[in-house]
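Top line first, the protein sequences correspond to chains X and L. Under our numbering, the first residue of the first sequence is numbered 8, with each subsequent residue one higher. Under our numbering, the first residue of the second sequence is numbered 8, with each subsequent residue one higher.
Worth flagging that the hints you see were computed from the coordinates, not collected in a lab. Where hints are given, some of them may not hold.
Same chains, same names: a pair is fine if it fits in one copy or spans any two.
To be verified - No more than 30 Å apart at the CA atoms, straight line, and that leaves these computed lysine-lysine pairs for DSSO-like:
1. 38 - 168
2. 32 - 412
3. 38 - 430
4. 169 - 38
5. 355 - 311
Here is how the chains run, residue by residue.
Number of protein chains: 2
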Amino acid sequence: MTTTTRRLNLNVGINTTGYLGNAWKYRTGTKHDINDPDYYRRLTELAHKGVFDAVFFSDHPALATDPNGRPFHTIDPLILSTALAAQVPDIGFVVTMSSSYNSPFNLARRTQSTDIISGGRLIINIVSSFNPAVAANFGSEPLPPRAARYARASEFLDVAKKLWASWDPAREGEVPPERFWDASSAHAIDHEGEYFTIKGPLNVPRGPQGHPVIAQAGASEGGIDLAARHGEIIYCNILSRPAGQAFGKKVKDRAIALGRDPAGIRIVPGLVVILGETREQALRKHELFSGAGSEDGLLARFAKENGIDPADFDPDAVLVGANFIPDQNRLMAVGMGLGLSELLTHEKLTARQAVRRSEGHHRLLLGTPEEVADAIIDFWADGTVDGYTLQPPRAPDDIAEFVEKVIPILQDRGVYPRSYEGKTIRDRYGLPYPA
Amino acid sequence: MTTTTRRLNLNVGINTTGYLGNAWKYRTGTKHDINDPDYYRRLTELAHKGVFDAVFFSDHPALATDPNGRPFHTIDPLILSTALAAQVPDIGFVVTMSSSYNSPFNLARRTQSTDIISGGRLIINIVSSFNPAVAANFGSEPLPPRAARYARASEFLDVAKKLWASWDPAREGEVPPERFWDASSAHAIDHEGEYFTIKGPLNVPRGPQGHPVIAQAGASEGGIDLAARHGEIIYCNILSRPAGQAFGKKVKDRAIALGRDPAGIRIVPGLVVILGETREQALRKHELFSGAGSEDGLLARFAKENGIDPADFDPDAVLVGANFIPDQNRLMAVGMGLGLSELLTHEKLTARQAVRRSEGHHRLLLGTPEEVADAIIDFWADGTVDGYTLQPPRAPDDIAEFVEKVIPILQDRGVYPRSYEGKTIRDRYGLPYPA
Numbered sequence: 008m009t010t011t012t013r014r015l016n017l018n019v020g021i022n023t024t025g026y027l028g029n030a031w032k033y034r035t036g037t038k039h040d041i042n043d044p045d046y047y048r049r050l051t052e053l054a055h056k057g058v059f060d061a062v063f064f065s066d067h068p069a070l071a072t073d074p075n076g077r078p079f080h081t082i083d084p085l086i087l088s089t090a091l092a093a094q095v096p097d098i099g100f101v102v103t104m105s106s107s108y109n110s111p112f113n114l115a116r117r118t119q120s121t122d123i124i125s126g127g128r129l130i131i132n133i134v135s136s137f138n139p140a141v142a143a144n145f146g147s148e149p150l151p152p153r154a155a156r157y158a159r160a161s162e163f164l165d166v167a168k169k170l171w172a173s174w175d176p177a178r179e180g181e182v183p184p185e186r187f188w189d190a191s192s193a194h195a196i197d198h199e200g201e202y203f204t205i206k207g208p209l210n211v212p213r214g215p216q217g218h219p220v221i222a223q224a225g226a227s228e229g230g231i232d233l234a235a236r237h238g239e240i241i242y243c244n245i246l247s248r249p250a251g252q253a254f255g256k257k258v259k260d261r262a263i264a265l266g267r268d269p270a271g272i273r274i275v276p277g278l279v280v281i282l283g284e285t286r287e288q289a290l291r292k293h294e295l296f297s298g299a300g301s302e303d304g305l306l307a308r309f310a311k312e313n314g315i316d317p318a319d320f321d322p323d324a325v326l327v328g329a330n331f332i333p334d335q336n337r338l339m340a341v342g343m344g345l346g347l348s349e350l351l352t353h354e355k356l357t358a359r360q361a362v363r364r365s366e367g368h369h370r371l372l373l374g375t376p377e378e379v380a381d382a383i384i385d386f387w388a389d390g391t392v393d394g395y396t397l398q399p400p401r402a403p404d405d406i407a408e409f410v411e412k413v414i415p416i417l418q419d420r421g422v423y424p425r426s427y428e429g430k431t432i433r434d435r436y437g438l439p440y441p442a
Numbered sequence: 008m009t010t011t012t013r014r015l016n017l018n019v020g021i022n023t024t025g026y027l028g029n030a031w032k033y034r035t036g037t038k039h040d041i042n043d044p045d046y047y048r049r050l051t052e053l054a055h056k057g058v059f060d061a062v063f064f065s066d067h068p069a070l071a072t073d074p075n076g077r078p079f080h081t082i083d084p085l086i087l088s089t090a091l092a093a094q095v096p097d098i099g100f101v102v103t104m105s106s107s108y109n110s111p112f113n114l115a116r117r118t119q120s121t122d123i124i125s126g127g128r129l130i131i132n133i134v135s136s137f138n139p140a141v142a143a144n145f146g147s148e149p150l151p152p153r154a155a156r157y158a159r160a161s162e163f164l165d166v167a168k169k170l171w172a173s174w175d176p177a178r179e180g181e182v183p184p185e186r187f188w189d190a191s192s193a194h195a196i197d198h199e200g201e202y203f204t205i206k207g208p209l210n211v212p213r214g215p216q217g218h219p220v221i222a223q224a225g226a227s228e229g230g231i232d233l234a235a236r237h238g239e240i241i242y243c244n245i246l247s248r249p250a251g252q253a254f255g256k257k258v259k260d261r262a263i264a265l266g267r268d269p270a271g272i273r274i275v276p277g278l279v280v281i282l283g284e285t286r287e288q289a290l291r292k293h294e295l296f297s298g299a300g301s302e303d304g305l306l307a308r309f310a311k312e313n314g315i316d317p318a319d320f321d322p323d324a325v326l327v328g329a330n331f332i333p334d335q336n337r338l339m340a341v342g343m344g345l346g347l348s349e350l351l352t353h354e355k356l357t358a359r360q361a362v363r364r365s366e367g368h369h370r371l372l373l374g375t376p377e378e379v380a381d382a383i384i385d386f387w388a389d390g391t392v393d394g395y396t397l398q399p400p401r402a403p404d405d406i407a408e409f410v411e412k413v414i415p416i417l418q419d420r421g422v423y424p425r426s427y428e429g430k431t432i433r434d435r436y437g438l439p440y441p442a
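Between the sequences and the hints, there should be enough to build the whole structure, so can you do that?
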């Protein structure tokens, strides 16, 4: 069921025009692409050519109406992934869904349905929504506090796991000829918790993976706890080796404390790659794709984002990590801000260096295909990460370039497969099947 | 956009092993079929061969755990239809969904996503759940009374229509080169009603049909009102011509009273067809597929279902319709029971005759392919019905037989197309596009 040799796992984000908000000006395609199912089929086929384990959809159930931005979350990702699974073989789908604004029965049913339809290729990324614009689409209640959202998310997944296991045709005994089935293969779950009261059983049977693989993305204390309890693939932002090792240890230690085997956890952070024939060329592309226009522009953005007075800003002075710790109660994803503070705690960096180390909160790799492949393998080889979720600045361009130039190097180095092996996501990630 | 010549519309139900609970013993295939996506693909391809307008999925989000029954609602029908739409061209999908246990934003988003992915082939059948087993999967609240459920369903569709229209890229003005889009093409709906408070806009744009076609199935007073307000394809049980004409007039008169053009309403009741080389052979198949075993068995079942004391039961006495009116407050679909009482009100029938007029609450046609085609065209020709939703006792067998033997007759009579015309369900049903 699992491969015996450890290998690099790679997912790739394929939301709309790519990960970076300003890079669409330099991409191939039309603006109509963002709502065209056929465009997502082409991106998925491109990812399949690169033997990616999965395409990744982030999501918010709200339209970002900034006239200077672009709609980033449109077609429902579970619906879209279901159609793509029917069109493209092998590859998996990471689908982001809100535990705050779904009911466990419906979500368990829909996701198990897609896992069955795809033959075991679904990964669900359960998030507890933190955006007031999302809350306003689901009633007049204000957003609950973060702790309550995570407590609800944890119970949500407890219930979902009970539902996913509640009807298993493999439990059928001998069925007499006048009967269609052995109804004792299904049993009520009778869950009565703090947030949910649900009888069950689920009306979709156990699927090819037992249940869909569970991804988890929060890095706040509540997020770490949820990852330790339920997370199998951990999406996070890791900008340095010591920060990554500390994060992985924290999640795995918490899992052990909860009585869970940490062998079922994979660390697969986001990664932004910008390739050039030389590093200098990659730096210039970074300045363009980021929207900053120049290195000075990147520095000005850094000062603004971190509340530094331009009058006091020396881009060549070493930064103090403690000054960059995000407020745990702010209304955005805490984990996104933690990456920078941890990077600056573990490494002595100036702002001029720091702006080249992350983009869109994720590890940034700038350089030639060889340099990028080396840097990916570097963090993977010692177990700091198990793989990456590539976030291409532009889709399709930066996916195509990565598949053409970086993937063959990873394959030649023997760390990445040349074709799909195993059938399910659990096989490919070496994750255990639920009992 | 619409065809000028009226023609017969046909859908076909493809839940699990077919419509009748006891007919699986006489079908081709294995029990594993009911959870096999590939089985549903084969059924959809069969329906496509017969140029059916749509396949139809009824649904309850609960597992029927009767050991003597069979699971009838398993894989989520919207998820399944989305995969099928990616695999089979042209044909539409009627997907049943609960307004009681979904949020309008999520439902509007998912359905618009599937309508876009399928190129305008989605019909949603909105039902207000009446089953306590369903309620128990969604919390500890008891089922609200019928009137409240229908009021909520009506506001649910009001909100969904606002959301479906809230982002329309066709409203975009000139977009300056530094911008990705004209954000004024999307606007908040700011809905504040009795049941829902929703800001919007939807993050999926207007689809190829404006919004999915809305089917409606209830025949209680609340159901008629919902049909008149929102229904475009009315699924119902019509057992006789006068009952059908009275029902159609009632819905259309109510629509007019509400200021709606009744030209946008199609009456497409359920229909059970059992074919034989002779009528006698069809009668024997009816006795088998119904599970009754014989005509006496059918009569005994009739007496039991209608609370008639066997000692007082004369199967050859004319029945009184007034004795068969269902209780409007009982915990099941009122419309299902109304069909029989209306049949017996409009026609003088004995029990021996009545048991051959409906099966599974729907109009039953027993006979040769020619007799069946004649009876279908008979009700269609004078506008009593606009078409039918075929409910095959056995799937795939009775779909295959209908496609092979009845469809060619309907085509030869010039009432039914030989191939798919138009692109969307609205085109094929001659339904208006929302403004």
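Outcome of the hint check:
Taking the closest pair of Cα atoms, residue 38 and residue 168 come within 30 Å of each other only across two copies (25 Å); inside a single copy the shortest separation is 40 Å, beyond that limit. Taking CA atoms no more than 30 Å apart as the test, residue 32 paired with residue 412 passes inside one copy only; the shortest distance there is 23 Å, against 58 Å between copies. Proximity of residue 38 to residue 430 under the C-alpha cut-off of 30 Å is restricted to the inter-copy arrangement: shortest distance 24 Å between copies versus 35 Å within a copy. Taking CA atoms no more than 30 Å apart as the test, residue 169 paired with residue 38 passes between copies only; the shortest distance there is 24 Å, against 43 Å inside one copy.
Taking identical chains as interchangeable, the C-alpha atoms of residue 355 and residue 311 lie at most 30 Å apart only when both belong to the same chain, with a minimum of 21 Å there against 84 Å between chains.
The structure fails none of the hints (numbered hints given earlier).
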